[in-house]
Amino acid sequence: MEQPVPAEEKPAAQGSADTKNADTTYPAGRPIYISISEVFRDLARPPVKFYHDRHARALEQEGCEECHLKDAAEELIYSFPKQRNDRTPETLMNSYHDSCIGCHTERAAAGKTAGAVTCGECHAMDAGYHSIEYLPRLPEYYEPLRDTYHRDCVACHKDPPKTAHDATKLNWKSFYIREKETIDTSWPKVVMDYKLHYQHEQALDKKCELCHLTFSEAEDKMVYVKGTESSCRDCHKDTDVDNQLSYRHLSHNECIGCHLKRSKEHKKAGPFYCSECHTGIEKSPEELLYVPREERNQPQKLLIETTGARLKGVPFDHQLHELATSTCQGCHHDTLNKCSTCHTQKGSSEGDWVPLAEAYHQSTSAWSCVGCHEAKKQAADCAGCHSLMKTELGEASCVTCHSGAPDASSAFVPLPENALPDLEELSGELAFSLSGYDGMAFQLPLLPVPEAMLPDKTQEKMKIALLEKSYDASEFPHLKIVKKLTDISNNNRLSRYFHADQMTMCSGCHHLGPLTEKQTPPPCSTCHTSKNTPQKNTPTLLGAYHRQCLGCHKAMGGEEKERPQSCTGCHKEKTPAALQTAGR
Amino acid sequence: MNSTRRTFLKHLSGTAGMLALGSPARAEDSYSQSRVNGFGVLVDTTLCVGCRSCEQACNEINTDLPRKSPEHFKDLSVLEQKRRMDYSTYTIVNRYQSGTETDGKPVFAKFQCMHCLRPACKSACIVGAFSSEATGAVQYDSWKCIGCRYCMAACPFQVPAYEYHNAFTPKVRKCTYCQPRISAGGLPACVQACPMEVMTFGPREALLNDARARLASYPERYVQHIYGEHEVGGTSWLYLSGLPFEQIGLPRFGYHPTPGYTEPIQHAIFKYFLPPIGLYSLLGGLMWFFNNRKKKTAPADFKGLHSS
Amino acid sequence: MSSHENAAPVDTPFFTRGVMLLSAVMVTGIGFGLYRMLFSLAAVTNLNDQYPLGLWIGIDVASGVALAAGGFTTGALVYIFNREHFHAIIRPALLTAMFGYTFVAIGLLFDLGRWYNVWHPVVPFMWQGNSVLFEVGICVMIYLNVLYIEFVPVVTERFIGRVSLPGFLARLNDPVDLLLRFLDYTLGKIMFLFIIAGVVLSCLHQSSLGTLMVIAPYKMHPLYFSLLSPLFFLASAMAVGFPMVIFESMLAARSFGRKPEMHILTPLARFAPYLLGIYIAMKIGDMLYRGTYVYLFENSLPVIMFWLEFGLLTVLPFFLFLSPDVRRSPGWLFSAALMYICGIILNRSTVFFIAYQPVYGETAYIPAIGEFALTIGLIAALMLVYRIFVTLFPVLPAKEEAPAKH
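Residue numbers (my numbering), protein chains in the order written: chain Z, 1 to 584; chain X, 1001 to 1308; chain G, 2001 to 2406.
Errors might be hidden in some of the hints.
[What the hints assert, rightly or not] Facing chain X, according to a computed beta carbon distance under 10 Å, are these residues of chain G, among others:
id: 1; residue: Ser2040
id: 2; residue: Pro2121
id: 3; residue: Val2123
id: 4; residue: Phe2159
id: 5; residue: Gly2161
id: 6; residue: Pro2230
[Claimed, not checked] Lysine-lysine pairs mimicking PhoX-like chemistry, simulated, CA-CA at most 25 Å apart:
id: 7; chain 1: X; residue 1: Lys1271; chain 2: Z; residue 2: Lys554
id: 8; chain 1: Z; residue 1: Lys377; chain 2: Z; residue 2: Lys267
id: 9; chain 1: Z; residue 1: Lys70; chain 2: Z; residue 2: Lys195
id: 10; chain 1: X; residue 1: Lys1074; chain 2: Z; residue 2: Lys390
id: 11; chain 1: Z; residue 1: Lys554; chain 2: Z; residue 2: Lys484
id: 12; chain 1: Z; residue 1: Lys206; chain 2: Z; residue 2: Lys226
id: 13; chain 1: X; residue 1: Lys1105; chain 2: Z; residue 2: Lys376
id: 14; chain 1: Z; residue 1: Lys574; chain 2: X; residue 2: Lys1068
id: 15; chain 1: Z; residue 1: Lys561; chain 2: X; residue 2: Lys1082
id: 16; chain 1: Z; residue 1: Lys267; chain 2: Z; residue 2: Lys206
id: 17; chain 1: Z; residue 1: Lys554; chain 2: Z; residue 2: Lys376
id: 18; chain 1: Z; residue 1: Lys561; chain 2: X; residue 2: Lys1105
id: 19; chain 1: Z; residue 1: Lys554; chain 2: X; residue 2: Lys1074
id: 20; chain 1: Z; residue 1: Lys346; chain 2: Z; residue 2: Lys376
id: 21; chain 1: Z; residue 1: Lys574; chain 2: X; residue 2: Lys1074
id: 22; chain 1: Z; residue 1: Lys572; chain 2: X; residue 2: Lys1074
id: 23; chain 1: X; residue 1: Lys1082; chain 2: Z; residue 2: Lys572
id: 24; chain 1: Z; residue 1: Lys561; chain 2: Z; residue 2: Lys483
id: 25; chain 1: X; residue 1: Lys1105; chain 2: Z; residue 2: Lys377
It is worth saying that the hints were derived from the structure and are not from the lab. Here a beta-carbon is modelled for each residue, glycine too, at the ideal position from N, C-alpha and C.
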């Protein structure tokens, strides 16, 4: 890991604190916005932008103890300030001011680089805080925006005011400050993805007990129980509760504490500056394809079925799906247990009252099977057809998953070469080969291109009745499009599985009615007529063509030549001579 | 003196009565059923590609607008600026950027008269040049217009444009809803011309149901709100959008129609003409009282402000 | 105690240097007006689709109507509340009001796009009773006629027994004289009806001018949007009546070489703080109740205008009028009156085109030279016509024997 930048003490100019020096000496990193709105409520001044990394680097010699207390076991407690008095907002404010301004003043007097001491330098006005709108207290009977605000706002702010006096209790001002906040003050999460976990495994010689502890009621301490390794988040939530630290506090204590200790012992250690963990970069599953997954004796091929269900069970390749996520929590969003532990058939409080069926099928949730597949369908390659389709499961798609126990003779189907990303170098040690993967549970079909079935080109002629722009007939390259879409589908495991039936591909455009291999699908004009009064959900032929073609091209993007989005890209304009003969 | 006063008061109240009965628009100041049951247009801005065919069709149909060539509408560089309707066009399309990324997908929205159910322009017009038709169209009659431009100040959507450069016959210009076409069972020109069928024309109630169905079927595509369903009392032109409506140039309005602020004041002041008559009587009473107080001197001489 | 003075036409020479200057200004203004008539609004004004109401509406129409309020306030004071002491200023105030409203109508003609249709609101089939502007138009029209009727006694006084029509019309001298006597007699009996009607009509249309912009709540700056706007307009107009009378009376006195009639104007000014105080109290109370005081320190033009027109040019005159020394001093009285008059003009202008912030506003509206020229030209014309009438008719009090000190 990279070593921290050594601190450089610059002599202050003219013997006094030159706060401008501090701005450029050390890289700032991401600011922490100190607003503590649960205590301070209405802010009299903009929140302070605190650059922790800058301070950490500047105070490298002095160490973390300069600002943070140590507990009895000589472990750092990462709360601030040292003498934090949060009895009232005033005392809390004073604690901060005493620590921060006090330190800055001392350092300035000693000629070291120091931070600001005046109000406005710390409480700086960012662009997003300039215009804070206040809602004037308009009496009910003539407030122009009352209805809108009551619809949107009272949903959270219960008990709408009956009089103007009551309105003060809702603290409209701070509500509107938050509404006008355009600065994103949140920090990117540190994601323990498979790669990060693997690095820890290697560095700590696969000693799971060093990190994965659970609390034992009987022994009243943290113990390691093999086979139950999980995330600290299972118990440590968002706030400190009695003795149990919040996840934020815990992770900083444990992670940074360990890194610091190892660093002092000159072992390979992780970073301890904010921006080096909170990078904001989340690795995609494709980038993590070759990272070994955790071994926790998880079932790899299983049949998900429930007793008394009307459909057959779903054969589920867990090992394959591990390759489709960046972290176990991509699916196991709260605990590493199986879904039915918390999501019972009828729903329970542990599962937030989401019943099991909904947990598997909820199309808008990234944690459910259907939801994740829906999200994948939004990729540009898929969006051409799928963005136009409704997000609801058709009945025909049920059996695609609910196919019952898999065939015993499963064949291993390798991915095409060009679908694999470059191998990543990880400390020169990693070598994960596909041979370790014992193959998939079922066969993925490859769609053939039914060239024999299709006409060479289909010419569709369209006249736009109203406008002076008249176009020639459009030459529609049907076969070329089918070939391209088939190629795209064959290159992706998910689409190959679901487009098993060749007719599924055709129904991307020929979207209604049963399709069979023998028959040509009916032309669009069968249902989409050119009559002048369009029905509600059935566009006329004009709209149908443009929504289908233009809609697909817009969703998939790409070059104009390949997927035209301009008018003349699809149909040429009539020449002036042709316009004349057409009588326009 | 008494008889003349009495007769004068009689004449005054007679005139007042005539005034009360004479104004035709008075009776219709509540939601008219015919308008709520009129036609609407549902604009799905997620479909619009900004081709300006609607603008071109509008220009072709409305021959009183300055003629523009088809090449004029092919020029898509105008979309770089945000435009508004002016004297030469009843409708325009603007381009908006979705998200904060520079390569965010562009979103287009078409603007024209919203044909409100409770139009501010109609309430504001001093001569009643605006009328609400059964189809929902808000029609402008330039024959009546005196050119005071109060309708332009009243419209919350800033729709009416004016021919300031016309010295002798300036008109207010705004979308006509293609009233002749829709009365005969046809479609507005812009609705018909749109290749993507962004707009759907039909009974307003049916369109609201359609819009709700779309919101339910494609929840991630749309902001869950139909703009114009209730805004400023409801409009005939309804909008669906994938971006918050303020970001596509549709301002955030309350549900109370704007004439609902002025008309109660006006109607209260002239309720059966009681307040003016009451004030008149009060002042008359005061005049009598103060004059009687000075009975010691000669009564005030009203002989037309004589100085003696 | 000499509240009853004879009124007589002024006998100073008419064509002074000032008159020449006013004529020049008037001709320039009318010239721009004619240019607008021939070459359209766009040629002369900076009005656009975002700002349909501009300087001509803000000053010529709205401020004009407000400043002509001296007519009904003095009428109420003298005839309803029977304060005979102020009798002598009735006629000048009436003249100011009459021409004020006449020039409002003339100014409006230049602003209307289709001025030749200005008679439309009179026709019953084009009445639109929901419109605020309709009420303003009808009330102003009726009130203008009431003012003309109220002025008839001045005409009759001037011409009864002195009718001498030129040339062949001389044979009509007697019928005309008879007519004038009839009018004089009749109106003498029923004038009170018109006076009360004038007060009622004034209250109606002054307040309705305030209701005009209530129809655009989303375009008005919060400091200037209130449902009490009609009350504000009415109260401020009533408050400017007496300052306007003071202003024009002192101007006329200065112009004709007379001493200002402080024995009337000083007691008149005693009413000003009450009327101003009511207006100020209402406005501040509304601001507190609605919570719009939070906008007082916003750095925007409407707020700056608010501080200027309300803070400086309304509240300060209020305090000035409170002081007896100010009321007794011609210079200070004139200044205080002028300040509040400017405050009214700025207030109306702000409401109509400064605090009016269009939804899709791009460029700000700055009135063009032509707009200023016509406005100032019409004001000059008003002053000229006023001078003509006081020269022809018995409006101002007859001059005293001893020549006045300048």
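Q. What hint numbers does the structure not satisfy?
A. 4, 5, 7, 8, 9, 10, 15, 20, 23
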